[in-house]
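Peer 1: If you read the protein sequences in the order shown, they are chains B, V and P. Mind the numbering: the first sequence is residues 0 to 313 in numbering that gives the first Met the number 0, read in order. Mind the numbering: the second sequence is residues 0 to 295 in numbering that gives the first Met the number 0, read in order. Mind the numbering: the third sequence is residues 0 to 261 in numbering that gives the first Met the number 0, read in order.
Derived from the structure by calculation, the hints contain no laboratory data. Any given hint could turn out to be false.
Rough simulated footprint, nothing fancy, chain B against chain P, three-plus residues with beta-carbon under 8 Å [as the list claims (entries may be wrong)]:
(1) 80–92
(2) 106–117
(3) 198–206
The C-beta atom is built at its ideal place from N, Cα and C for all residues, glycine as well.
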Amino acid sequence: MRGIFSKRRMTLLVLVALVAVLPLVFPSGYYYRVAALVWISALAAVGLNILMGYAGQVSLGHAGFFGVGAYAVAIGPARLGLASWICILLGAAASGGIAWLVGRPILRLKGHYLAIGTLGFGVLIALVLTSEAKWTGGPDGTSVARLAVANMRISGPTAWYWISGFVLVFGAWLALNLEDSPAGRALRALHDSEIAAALGGIDVARHKLWAFVLAAVYASIAGSELALFDGFITPDTAGFLHSIELVAMVVLGGMGSVLGSVVGAALLTTLPQLLTVFVEYEQALLGLIIMLAMIFLRLGIVPGVQRMLARSAS
Amino acid sequence: MDGFATMAEFLQFAFSGLTVGAVYALVALGFTIIYNASDVVNFAQGEFVMLGGMVTVAVSAAGIPLPLAALFAVALAVGVGVALHRLAIEPAHGASPVVLIIITIGASIFIRGVAQIVFDRQFHKLPSFSGDAPFVLFGATILPQSLWVMGGAGAIVVVLHAFFERTILGKAVLAAAANRLAARLVGIDTRLIMTLSFGISAAIGAVAGILVTPITLTSYNVGTLLALKGFAGGMLGGMGNPLGAVLGGLLLGLVEAFGAGYLSSTYKDGIAFVMILVVLFVSPRGLLGRRSVERV
Amino acid sequence: MSALAAENVAIAFGGIVAVDGVSFSVEPGNIFSIIGPNGAGKTTLFNIMSGIYRPGSGRILLAGEDVTGLEPHRLAAKGLARTFQNLQIFFRMSVVENVMVGRHLREARDLMKALFRFPSVGHQNRATREKARELLAFVGLADRADDAAGSLPYGGLRRLEIARALALEPRLLLLDEPAAGCNPVETEAVEGLVREIVRSGITVVLVEHDMRFVMRVSDRILVLDGGKKLAEGTADEVRRNPQVIAAYLGRYGSKEAARARS
Numbered sequence: 000m001r002g003i004f005s006k007r008r009m010t011l012l013v014l015v016a017l018v019a020v021l022p023l024v025f026p027s028g029y030y031y032r033v034a035a036l037v038w039i040s041a042l043a044a045v046g047l048n049i050l051m052g053y054a055g056q057v058s059l060g061h062a063g064f065f066g067v068g069a070y071a072v073a074i075g076p077a078r079l080g081l082a083s084w085i086c087i088l089l090g091a092a093a094s095g096g097i098a099w100l101v102g103r104p105i106l107r108l109k110g111h112y113l114a115i116g117t118l119g120f121g122v123l124i125a126l127v128l129t130s131e132a133k134w135t136g137g138p139d140g141t142s143v144a145r146l147a148v149a150n151m152r153i154s155g156p157t158a159w160y161w162i163s164g165f166v167l168v169f170g171a172w173l174a175l176n177l178e179d180s181p182a183g184r185a186l187r188a189l190h191d192s193e194i195a196a197a198l199g200g201i202d203v204a205r206h207k208l209w210a211f212v213l214a215a216v217y218a219s220i221a222g223s224e225l226a227l228f229d230g231f232i233t234p235d236t237a238g239f240l241h242s243i244e245l246v247a248m249v250v251l252g253g254m255g256s257v258l259g260s261v262v263g264a265a266l267l268t269t270l271p272q273l274l275t276v277f278v279e280y281e282q283a284l285l286g287l288i289i290m291l292a293m294i295f296l297r298l299g300i301v302p303g304v305q306r307m308l309a310r311s312a313s
Numbered sequence: 000m001d002g003f004a005t006m007a008e009f010l011q012f013a014f015s016g017l018t019v020g021a022v023y024a025l026v027a028l029g030f031t032i033i034y035n036a037s038d039v040v041n042f043a044q045g046e047f048v049m050l051g052g053m054v055t056v057a058v059s060a061a062g063i064p065l066p067l068a069a070l071f072a073v074a075l076a077v078g079v080g081v082a083l084h085r086l087a088i089e090p091a092h093g094a095s096p097v098v099l100i101i102i103t104i105g106a107s108i109f110i111r112g113v114a115q116i117v118f119d120r121q122f123h124k125l126p127s128f129s130g131d132a133p134f135v136l137f138g139a140t141i142l143p144q145s146l147w148v149m150g151g152a153g154a155i156v157v158v159l160h161a162f163f164e165r166t167i168l169g170k171a172v173l174a175a176a177a178n179r180l181a182a183r184l185v186g187i188d189t190r191l192i193m194t195l196s197f198g199i200s201a202a203i204g205a206v207a208g209i210l211v212t213p214i215t216l217t218s219y220n221v222g223t224l225l226a227l228k229g230f231a232g233g234m235l236g237g238m239g240n241p242l243g244a245v246l247g248g249l250l251l252g253l254v255e256a257f258g259a260g261y262l263s264s265t266y267k268d269g270i271a272f273v274m275i276l277v278v279l280f281v282s283p284r285g286l287l288g289r290r291s292v293e294r295v
Numbered sequence: 000m001s002a003l004a005a006e007n008v009a010i011a012f013g014g015i016v017a018v019d020g021v022s023f024s025v026e027p028g029n030i031f032s033i034i035g036p037n038g039a040g041k042t043t044l045f046n047i048m049s050g051i052y053r054p055g056s057g058r059i060l061l062a063g064e065d066v067t068g069l070e071p072h073r074l075a076a077k078g079l080a081r082t083f084q085n086l087q088i089f090f091r092m093s094v095v096e097n098v099m100v101g102r103h104l105r106e107a108r109d110l111m112k113a114l115f116r117f118p119s120v121g122h123q124n125r126a127t128r129e130k131a132r133e134l135l136a137f138v139g140l141a142d143r144a145d146d147a148a149g150s151l152p153y154g155g156l157r158r159l160e161i162a163r164a165l166a167l168e169p170r171l172l173l174l175d176e177p178a179a180g181c182n183p184v185e186t187e188a189v190e191g192l193v194r195e196i197v198r199s200g201i202t203v204v205l206v207e208h209d210m211r212f213v214m215r216v217s218d219r220i221l222v223l224d225g226g227k228k229l230a231e232g233t234a235d236e237v238r239r240n241p242q243v244i245a246a247y248l249g250r251y252g253s254k255e256a257a258r259a260r261s
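Bound-form chain B, shown alone (with noise of 0.2 Å):
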């Protein structure tokens, strides 16, 4: 398992390859969209992985981050005169401070009170940004300036797909590094056992914030992305339905997996895509999959194919 062949830099590489190569088969443009769009989901997804995957503590309100970083890119160049690559970083370093501020009350819940803990400070986020509309531009959603480089602007879906890939890729990084280190196995091990970790000599408490701040760093960054692609941002971005599809990306995938929080936000984007065809069942069958997935696939699509595997090789 260790060596050039451990599972981190398997998963690294098979990111890498997949960055590198889908454009050598993607018949049109449309394709780089919705690949960026799977990247960004992805970045979301990989960050909630650590937070649920790694520590098992579940956020039903963090699409309430990926709206802040939204809204940072949208608000911060329009009203403020800043720089968009600085409102990413500013809304990351909001985001950060924000779960760091309500992360301690928040995370002392256990279980469904958690659930509903987190679920009611999304929702809150969301209000505000549907309610500041002198902001925020309210629920009909604002639009976002594109992102400048050195007066040059970036837009359109190649160019996106290159810096969504190389972003997912640079957080799938940290995320495995952090996995493989004292504070990965210390978030591991809590989340099956808070005492007996808390006796290894863990600050649980110390360790679930520091998960939940990254968490939230990563949706922050994944929200700003998506705002400066689409060139538009409505508050459903930071919306209930928004969280509960965060977290079935972690769950479909495999919670603890950062290839399966990939192949999750994968099909949880790709999907509705496919299924705009039947506009009028897209809610119907999105639910539909959530629970069918939720039921036959409880391990998790990556874990379940790896385990499934290993038996065939033993």
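Assemble chains V and P onto chain B, guided by the hints.
Peer 2: Leaving out everything else, chains V and P in the frame of chain B:
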């Protein structure tokens, strides 16, 4: 403003708060019944409320008298509740609480999606049960339908209480909630009890939806927010405590009405969540929640 | 100075007194056992000593320092480790990773260095893994290091918990029924381990139901009954104590008492 007007305003807010609170209380009660029987937090609870309203609207539009249409809507909601348990919750036996939560959220998205196809995306109204002429009490105007909502909620609580305390089946539900294994050992069919709980919860939700539609209107997507607020109400009262659920729901409705009236109506929908966060931060198991000791 | 001392420790849950004014002290390098019938308050006392419960009254002293009510992870930093009667294994991890978690306090834990994979992180991982393997060899699980923790048999899980606790390099080790559910051969292996651990300079406090085991290994024994201290002394003293005999005879019949005497 003179004292009387202030008083009238206060009463006005209190009545609208209690009306909305009664609906939250019923949703919270539905949550609690399912949670006690099966440990599942059912986020599809709001969809039962939606079904109650929407199905009654559709059936009565087809010329069926309102009481019959309402009966049909409740029966249909019960059917959906039973199907939810048998087709989605039971097959996922042994899944973690988070997975079960996501399944019920998936179910709620599914039900909403189907409702959108079967009905439409418009808002719908039902006629008030006993006219729209408001009456005045100490300067506050009250809709007769408000009394229907509060009275209906009260009647449901009384009937449920009698069911749990007076009937063998009701006691079996309580026994299964207290200790599932022990209940099974004394011959209680806990599977049937769980299905029954989903059915009862669905019926309660549907009735709430029918009662409140003449006041608040209904559409295919009213369920989400109701589910969240009902859940907040149940959580305020302490998960698993039916009396707490009812009180939590009423309290939430009152705080919302007063908050919207005296502070800001923009953030009316946020009050529930601020409240619940504050309560959870102070007492991580809700106001009337059971204390548990960590066992290792 | 004693390695561990309890002074008038008491705790109640919802009006029911689980531990009622218990005092004792453990000499460094000793094996100190706590016995008593079910419900006597043994595990509750353990939970107080390891910071999971805060006692209603009384004090806990660790090497002379008042540590009453200190959080578990701070107690661990002061050199206390424990195992659990109801196993608390990290089932999502491999056997060796379970032990690696126990090295937490002995590792550099800079989050930024970990995220950006400074070379030191890789070196440290290798060193931690090496140390964990040594401990697994010590408890006889060397060949299972890379298996999933959940694949170990019951006795193996008990030894895995011991290895994880030792990874902390504690001064004091609390063992909560280390031989529970073990067959005679496994129990003998655990006994050998406990003796070995004490020989390496670690003080051991033990809760155990297997009387033969307790009588053989213990330097001193504390007998609890109904949350109160019934007796304390060497194995011989406890064996001859009429109150202890009465408690065991009265409640469990002659078989256990005879076993305690043998």
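Peer 1: Of the numbered hints stated previously, which ones are contradicted by the structure, given in increasing order?
Peer 2: 3
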